[in-house]
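Chemist: Chains as they are written, first to last, in our numbering: chain P, 195 to 427; chain X, 633 to 891.
Be a bit skeptical, because a hint or two may be false.
[What the hints assert, rightly or not] Taking lysine to any residue and the SDA-like style, the derived pairs with C-alpha atoms no more than 20 Å apart in a straight line are:
1. P:K278 x X:P764
2. P:K399 x P:I350
3. P:K201 x X:K880
4. P:K336 x P:S304
5. P:K278 x X:H708
[What the hints assert, rightly or not] Simulated coverage check for chain P against chain X, where a stretch passes if three residues somewhere in it have a Cβ under 8 Å from a Cβ of chain X:
6. 202-208
7. 229-237
8. 241-252
9. 273-285
[As the list claims (entries may be wrong)] Pairwise CB distance ranges (calculated):
10. X:K748 x P:R321: 24 to 30 Å
11. P:E200 x X:Q776: 38 to 44 Å
12. P:R243 x X:D855: 46 to 52 Å
13. P:D215 x X:V680: 37 to 43 Å
For the record, the hints were derived by calculation from the structure and aren't laboratory data.
From a predicted model like this one, the values you see are computed outputs, not experimental measurements.
C-beta atoms are modelled at their ideal positions from N, C-alpha and C, and glycine is treated no differently.
Spelled out from the first residue to the last, the chains are:
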Amino acid sequence: MPLFYEKKQLVIPGDLLAEGDYVSGDSTYKTDGKIYACRLGLVDYDGKRVHVVALKAFYIPVPGDLVIGNVVETTPGGWVIDIKAPHLARLRASDVVERSFKPETTDLPSIFDVGDLIIAKVVAYDRTRDPQLSVREPGLGKIMRGQLVEVTPTKIPRIIGRQGSMVGMIKRETGCQLTIGQNGLVLISGRSAEDERVAIMALRKIERESHTSGLTDKVTEMIRKERKAVESK
Amino acid sequence: MKANKKKPKKEGEKMTSKKSEKLIDKKGIRLDGRKVDELRPVKMEVGVLPNADGSAYLEQGRNKILVGVYGPKEAHPRHIAQQDRAVIQCRYHMAPFSVDERKSPAPSRRDIELSKVIREALEPAVFLEYYPRTSIQVYIEILQADGGTRCAGITTAALALADAGIPMRDLVVACAAGKAGGKIALDLMDTEDKVGEADVPVAFMPNLNAVTLLQMDGNLSVDEFNTAVDMAIGGCKKLYEIQKEALKSKYVSEGVKEE
Numbered sequence: 195m196p197l198f199y200e201k202k203q204l205v206i207p208g209d210l211l212a213e214g215d216y217v218s219g220d221s222t223y224k225t226d227g228k229i230y231a232c233r234l235g236l237v238d239y240d241g242k243r244v245h246v247v248a249l250k251a252f253y254i255p256v257p258g259d260l261v262i263g264n265v266v267e268t269t270p271g272g273w274v275i276d277i278k279a280p281h282l283a284r285l286r287a288s289d290v291v292e293r294s295f296k297p298e299t300t301d302l303p304s305i306f307d308v309g310d311l312i313i314a315k316v317v318a319y320d321r322t323r324d325p326q327l328s329v330r331e332p333g334l335g336k337i338m339r340g341q342l343v344e345v346t347p348t349k350i351p352r353i354i355g356r357q358g359s360m361v362g363m364i365k366r367e368t369g370c371q372l373t374i375g376q377n378g379l380v381l382i383s384g385r386s387a388e389d390e391r392v393a394i395m396a397l398r399k400i401e402r403e404s405h406t407s408g409l410t411d412k413v414t415e416m417i418r419k420e421r422k423a424v425e426s427k
Numbered sequence: 633m634k635a636n637k638k639k640p641k642k643e644g645e646k647m648t649s650k651k652s653e654k655l656i657d658k659k660g661i662r663l664d665g666r667k668v669d670e671l672r673p674v675k676m677e678v679g680v681l682p683n684a685d686g687s688a689y690l691e692q693g694r695n696k697i698l699v700g701v702y703g704p705k706e707a708h709p710r711h712i713a714q715q716d717r718a719v720i721q722c723r724y725h726m727a728p729f730s731v732d733e734r735k736s737p738a739p740s741r742r743d744i745e746l747s748k749v750i751r752e753a754l755e756p757a758v759f760l761e762y763y764p765r766t767s768i769q770v771y772i773e774i775l776q777a778d779g780g781t782r783c784a785g786i787t788t789a790a791l792a793l794a795d796a797g798i799p800m801r802d803l804v805v806a807c808a809a810g811k812a813g814g815k816i817a818l819d820l821m822d823t824e825d826k827v828g829e830a831d832v833p834v835a836f837m838p839n840l841n842a843v844t845l846l847q848m849d850g851n852l853s854v855d856e857f858n859t860a861v862d863m864a865i866g867g868c869k870k871l872y873e874i875q876k877e878a879l880k881s882k883y884v885s886e887g888v889k890e891e
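All chains should be modelled from the sequences, with the hints used to inform the complete structure.
Modeler: See the structure below:
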């Protein structure tokens with residue numbers, strides 16, 4: 195049962211990663227007991243599971259995911275929302291409007307209009323139908339302020355860190371509120387533009403160096419340095 | 633160019649024997665100084681277009697090709713969507729300035745045909761069944777043409793698809809072999825293609841050892857054909873190494889180091 199690559203080695207689609215009794219994880223596929231990479235990325239082994247952390251990928255909705263989307267259309271029954279997935283998502287008006295919803299009397303654009311950004315949760319998706327969203331939970335709904343940063347969806351777990359250690363640190367150090375959409379969009383809202391700038395820098399650093407170890411400490415150091423530099427001016 | 637091929641061939645029937653001698657000299661050196669089993673100098677670059685989801689650029693001899701990829705995203709118009717898989721919308725297009733005589737920018741019969749064969753050469757490599765009802769758009773722009781653009785287009789398109797993060801079974805790499813000046817030669821350029829006797833483009837998936845495109849234009853004996861296919865696959869394997877490097881180097885330069 196050989197493994198053909200070391201952990202964190204760069205592989206391209208079609209590279210043979212492992213043979214024999216292994217389980218195919220993200221960005222890999224298995225045929226005839228052989229596991230191949232199907233995306234450009236870094237190999238990782240997790241017991242019997244072989245997977246590739248793709249350097250670039252697109253978002254595939256999973257029920258329960260928090261996502262940030264852009265309203266692209268209002269229809270009589272609800273809204274069409276772009277969540278940067280292969281399919282446009284739907285948000286039903288009857289799930290948003292309190293009590294009885296009547297398409298002929300309710301003014302939907304007054305709730306969400308085209309161009310609004312919303313935080314929502316994926317409630318259903320199975321590839322045969324468009325993803326369904328919901329905003330019926332505290333913290334969901336229209337985004338009123340802040341800055342959006344886009345990262346590759348595969349880097350989101352790194353931004354969150356182990357049990358949220360990375361986001362927790364960024365929130366503490368910069369004093370910004372971070373809302374992480376699983377679809378690769380991160381909303382940052384801080385007390386000042388300066389706080390937000392530092393938080394964005396931190397995210398960019400994580401995206402660039404996501405494969406290195408001890409990243410949390412490096413980012414902490416960078417944020418503190420950046421703060422000091424600004425204070426001394 | 634293949635489009636102009638039919639005519640000059642008929643007119644040049646008599647010339648063939650004379651010109652054939654010139655295509656490869658006594659020492660086995662071709663018009664551009666290559667040996668019969670030598671590729672043209674190749675350069676590949678990945679991620680050259682920031683606005684596209686994936687992109688790649690290739691130079692092979694005097695060929696210059698740019699490919700942009702979008703998707704998978706909602707298929708438009710709606711009726712082209714398939715319920716059980718994604719569709720690849722492929723456009724092979726030659727720029728008006730890509731050839732000696734200005735080419736009309738409107739898609740020609742040849743452009744449409746090549747779009748189809750390139751699409752069919754790429755389809756087996758992509759996991760289309762993962763993303764039903766969507767479309768993946770592949771735009772292949774030939775900026776400068778010097779023979780073998782369909783092959784170069786496939787090689788570049790595979791890089792752009794991989795760059796877009798679209799899951800693939802393997803990269804696709806294509807190369808032609810043919811007969812020019814009475815000899816089987818690798819990677820024919822424009823003159824060899826037009827004046828020569830035959831051209832065999834082959835697209836190949838190196839890790840799966842599978843051919844996804846095989847065409848022949850002209851006349852070859854069975855033995856010659858087999859030699860040409862073997863030679864083309866050999867060329868594909870060499871190009872694959874360059875393709876690999878191109879794909880990896882983009883990310884190495886972005887700070888991801890191989891450890």
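Chemist: With reference to the structure, classify each hint as holding or not holding.
Modeler: Tested hints:
1. A distance of roughly 16 Å separates the Cα atoms of P:K278 and X:P764; the hinted pair therefore holds under the 20 Å criterion.
2. The hinted pair formed by P:K399 and P:I350 meets the criterion: a straight-line CA distance of about 13 Å does not exceed 20 Å.
3. Annotation: proposed proximity of P:K201 to X:K880 holds, straight-line Cα distance about 16 Å (limit 20 Å).
4. With a CA separation close to 11 Å, the supplied pair P:K336 and P:S304 stays within the 20 Å bound.
5. Under the criterion of a C-alpha separation no larger than 20 Å, the hint pairing P:K278 with X:H708 is consistent with the structure, at around 16 Å.
6. Requiring three or more residues with a Cβ within less than 8 Å of a Cβ of chain X, the coverage given for the stretch 202-208 of chain P holds, as 6 such residues are present.
7. Beta-carbon proximity to chain X at under 8 Å applies to 5 residues in the stretch 229-237 of chain P; the threshold of 3 is reached and the given coverage holds.
8. Residues of the stretch 241-252 of chain P lying with their CB closer than 8 Å to a CB of chain X number 5, which satisfies the three-residue condition for coverage.
9. For the stretch 273-285 of chain P, the stated coverage by chain X is satisfied: 3 residues place a CB nearer than 8 Å to a CB of that chain, which reaches the threshold of 3.
10. Separation of X:K748 from P:R321 is about 27 Å and conforms to the stated range, judged on CB atoms against 24 to 30 Å.
11. Separation of P:E200 from X:Q776 is about 41 Å and conforms to the stated range, judged on CB atoms against 38 to 44 Å.
12. At about 49 Å, the beta-carbon gap between P:R243 and X:D855 stays in the expected band of 46 to 52 Å.
13. Distance hint check for P:D215 and X:V680: the Cβ-Cβ separation is about 41 Å, which falls inside the suggested range of 37 to 43 Å.
Violated hints are absent here; each numbered hint is respected by the structure.
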